Amino acid sequence: MTEEKEQVIDPTLDRRTLFVRSIPFDATNEELSDYFSNFSPVKHAVIVLDNEKNSRGFGFVSFSTDDDALTALKESKKAKFKDTRLLRVDVAKRRDRKKEDGKPAPVKKEADAAQKVMKKSARLIIRNLPWSVRHPNDLKKVFEKYGPVKDAHIPKGKGGRMSGFGFVTMSRHAVAQRVVKESVGLKIGDREVAVDFAVDKKSWEQHKENEEEEEDSEEEADESDEEEDNEEKKEDEDADAKMESEEDKKSDEDESEGEDDEDDIDVKILGLDDDDEEEENRPKANRQEKFTIFIRNLPYDATQEALTEHFTKFGPIKYALPVIDKATGLAKGTGFVAFIKNEHYEDCLLNAPEVNPNSMLIPDDVSPLYVFEGRVLQISPAVDRESAAKLQERNAEARKELLGRAPGEKDKRNLFLLNEGRITANSKLAEVISHTDMMVREKSYNLRVQQLNKNPSLHLSMTRLAIRNLPRAMNEKALKALGRKAVVEFATEVKDGKRHGLNREEINRSTKHKKTLEEKLGMTEEQKRKARKHGVVRQAKVINEVKGSGEFGRSRGYGFLEFKDHRHALMGLRWLNTHEVTIPEILEGLDEEQAKLAKAEGGVAKRRLIVEFAIENAQVVKRRFDTMAKRTRESRDNKDFKGDKGDRNGRDFKGKNDRNGRDFKGKNDRNGRDFRGNGKRPREDGDNGRGYDDKRSKKDKANKFRGNKRGNMNKGGDRDQSEKNGSGKGNKSGLSDNAKFMIGKKRKQRRQGKK
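Residue numbering for the sequence shown follows UniProt numbering, starting at 1 and increasing by one per position.
Please note: incorrect hints may appear among the correct ones.
[Said to hold, decoys possible] In silico PhoX-like pairs for lysine-lysine, Cα to Cα no more than 25 Å straight-line:
#, residue 1, residue 2
1, K181, K140
2, K485, K564
3, K341, K326
Worth flagging that the hints you see were computed from the coordinates, not collected in a lab.
The structure presented is a predicted model; accordingly, all values stated were derived computationally and were not measured.
My request is simple: use the sequences and hints to build the entire structure.
Okay, here's the thing in C-alpha cells:
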C-alpha cells in the first residue's frame with residue numbers, strides 16, 4: 001500500500017491514468033469502461049490494438065481526478081474482470097516527448113496558451129444524460145446549486161435526436177473544479193451522470209489521430225511481446241512503450257480543461273513537465289523560474305515583505321518581488337511571485353478572479369486571498385521577454401482599435417474616457433440592472449462612438465458629466481446637491497474600504513489638466529486661491545422642454561454636472577453611475593407646494609442614473625475658453641494702484657468708506673465728501689480728486705444745495721469754486737481730471753463686457 005502511494009506522488013507518473021494488463025483478447029473498450037465504472041467515474045478507456053485491429057492484451061483507463069484513479073487502483077485488485085481473472089493495474093508513466101532529432105517538441109507561445117487556459121477551464125461536459133433532459137435550462141438548474149452558471153448547451157443529432165450529453169460553463173475555474181469533485185455519483189432523472197472538463201472537437205480528433213499514429217509506430221518494436229502476456233519482463237517493456245503513447249493521450253485529456261489543441265501546452269504553462277533538458281535548451285537571456293505568476297494592480301507602496309507574507313497563504317514560495325522602474329526608482333504597480341511547488345502555482349493561477357480593468361468595483365465572490373490592501377489582484381502566468389514583447393504589441397493594437405490611439409500617442413480628444421462607467425453584459429453590475437437599462441446604455445455607447453468617429457472636432461470633456469434618466473421633478477438645485485453628495489460619499493466609502501480610490505495615474509492626470517488650464521487662462525496666485533474656495537460642483541444644468549410660447553416646460557430627463565477638476569469628476573461619475581435616486585434627493589430643491597405638485601404629477605419616481613463623460617465641440621469650448629480668459633485678464637487689469645484696496649466699484653481710498661464707496665480720512669458729510677478742518681483743503685491721495693475747501697459762505701453752500709434740489713445737475717453750485725479746485729473751465733462735476741479719467745475707463749470696460 002505504501003508503494004502505491006509513493007507511485008502516485010511520483011511526478012513522473014500520470015496520476016489520473018491507469019495502465020491495465022492481462023486483459024482478455026476478446027474484451028472491448030466498453031467492457032473495460034464498465035468494469036472500472038464500478039469503482040469511479042471513468043473519463044476514457046481504450047484497449048490497444050495491433051495493425052489487424054486485434055487486442056494486444058493491455059490498455060489505459062483515465063479518470064477525472066487523482067482520487068478516483070487511486071480508488072479504482074485499489075478496488076480493481078480485489079474484483080475479477082468478467083468474473084474470470086484479476087487484471088494487473090498500475091499507475092501510468094508520463095512520456096518524455098521528443099522529436100526524432102532528440103530536441104524537445106515545439107510548443108506555442110506561452111502567452112497564447114495561458115490566455116486559453118484561463119478562458120476555457122470552466123467548461124464542463126456531462127455524459128450519460130437521460131433522454132428526458134432536452135432543454136438547456138433543465139441542465140442549468142441542476143448545476144446552479146454549485147455556483148453561478150454562465151451557459152448551458154445540449155447538442156442534438158440528426159433529426160433532432162438527443163445525443164446523451166451536454167455542456168455547462170461555470171463562472172470560474174474554481175467553481176467548475178468544485179462541481180467535478182462534488183458531482184461524483186450525481187443522478188439526473190434516475191441516471192448517474194459523469195461530469196468532467198470539456199475539450200473541443202478538433203482537439204479530440206487530433207488526439208485520436210496522434211494516438212493511432214504512435215500505436216502503429218510502436219507496434220513494430222513490440223511485436224515479440226504480443227503473446228508474452230504471462231512473462232513479467234516483456235509485459236513491463238510493453239508497458240513502458242505504451243506509457244509513452246499514453247502521455248499524448250493525457251496531454252489531450254488535459255486540454256479538456258480549456259487548453260489549446262497542441263498536446264503539451266498545458267504541461268508547459270502550468271508547470272506539469274519536470275523535464276530538465278527542456279530548461280537547459282532555453283536561451284539564458286529568457287531563462288525564468290518555474291511556477292512564476294505575474295501580478296497587476298499592486299499598490300505602489302507594496303513591499304517585498306508584505307507580498308511574501310500574503311502569497312505564503314497559497315503555499316511556500318521562492319520569492320515575491322514588486323517591479324521597480326529603473327529610471328525613476330518608483331514602483332510600477334506590478335510584481336512577480338515564484339512558487340516552489342506546482343500544485344500551489346496551479347491553485348493560485350486557476351482560481352484567480354476575472355477582473356474588469358475599467359471598473360473599480362470588487363465582485364462579491366472574490367476570495368480574500370486575491371485582495372491585497374483593498375485591491376483586487378490581476379494574476380496571469382509569467383512569460384519570457386520575447387513572449388511579453390509580442391503580447392504587449394498585440395495589446396497595443398487592440399488598444400488603438402478600441403480607443404483610436406496607440407499607447408505612445410497623445411490622446412487630444414480624451415477618447416480613453418469613453419469606457420469610463422461603461423457596464424458590459426459580463427460585469428457583476430449587469431446582474432442588478434434591468435434589461436431595458438442595459439439596452440439604453442449600449443445604445444448610448446454605440447451612438448457616442450459613431451459621433452466621435454464622424455466628427456473630429458468632438459472630444460470628451462475632462463470635467464463635465466452627462467447624466468441621463470433623471471427624475472422629471474429633479475431641478476438644478478437638487479442635481480447640484482447630488483453632485484456634492486457623490487464626491488463626499490465616494491471619499492467615505494474609500495475610507496471605509498468599500499471601494500477603490502483613484503490611482504496615481506488618475507490623480508496625476510487631474511493635476512496636469514488643472515495646471516494646463518490655469519496657465520492658458522493666465523491666472524495669478526490670488527485668483528488661484530480664490531478658485532480653490534469654490535465648491536466641487538461648478539455648474540448643474542437640467543435640460544427642460546421649451547413650449548411654443550417660449551416658456552420652459554418640464555424636465556427632459558437629462559442634464560449636466562461640471563466639476564472643478566478631473567479628479568472630482570471621476571469620483572462623481574463612479575458613485576453616481578447606476579445610483580438609484582431617492583425621493584429625498586429628488587425633493588432637495590423643491591418647496592412644499594412644488595413637492596406636492598411633483599408627487600401629484602408622478603415626477604418623483606425612483607430612477608437609476610446613467611452617467612458618462614460629456615461630448616463637447618472643440619469650437620464651442622474654444623469660444624467659452626476665450627471668454628473666460630478675457631474675464632481673467634480684465635479682473636487682473638482692473639486692480640487699483642499699488643497699495644489700494646478695491647471696493648465694489650473698483651475704487652478705494654484709505655480710510656473708512658462712505659455709502660458710495662468713496663473714502664476720505666476724517667469725518668464724512670452726507671454726500672460722501674470729507675473735510676479735515678476749518679478752511680483747510682483736503683489732501684488728494686491717488687484717485688482722490690474730489691477736493692473742496694471750506695472758504696465758502698453759507699449763502700454759497702445754500703445755493704449749491706438749492707441748485708441740486710431744482711433737479712438740474714449742470715446748474716447750481718459754485719463755478720468759481722470748481723475752478724479753484726483745479727478742474728478748469730467747464731468742470732461742472734467738481735471732479736479732478738484723474739478721477740474723471742478712471743470713471744470713463746471703467747464705463748468703457750463695462751460696455752465692452754456687455755458686448
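For each hint, the structure was consulted:
no. : hint          : in the structure
1   : K181 <-> K140 : holds, 18 Å
2   : K485 <-> K564 : holds, 15 Å
3   : K341 <-> K326 : violated, 31 Å
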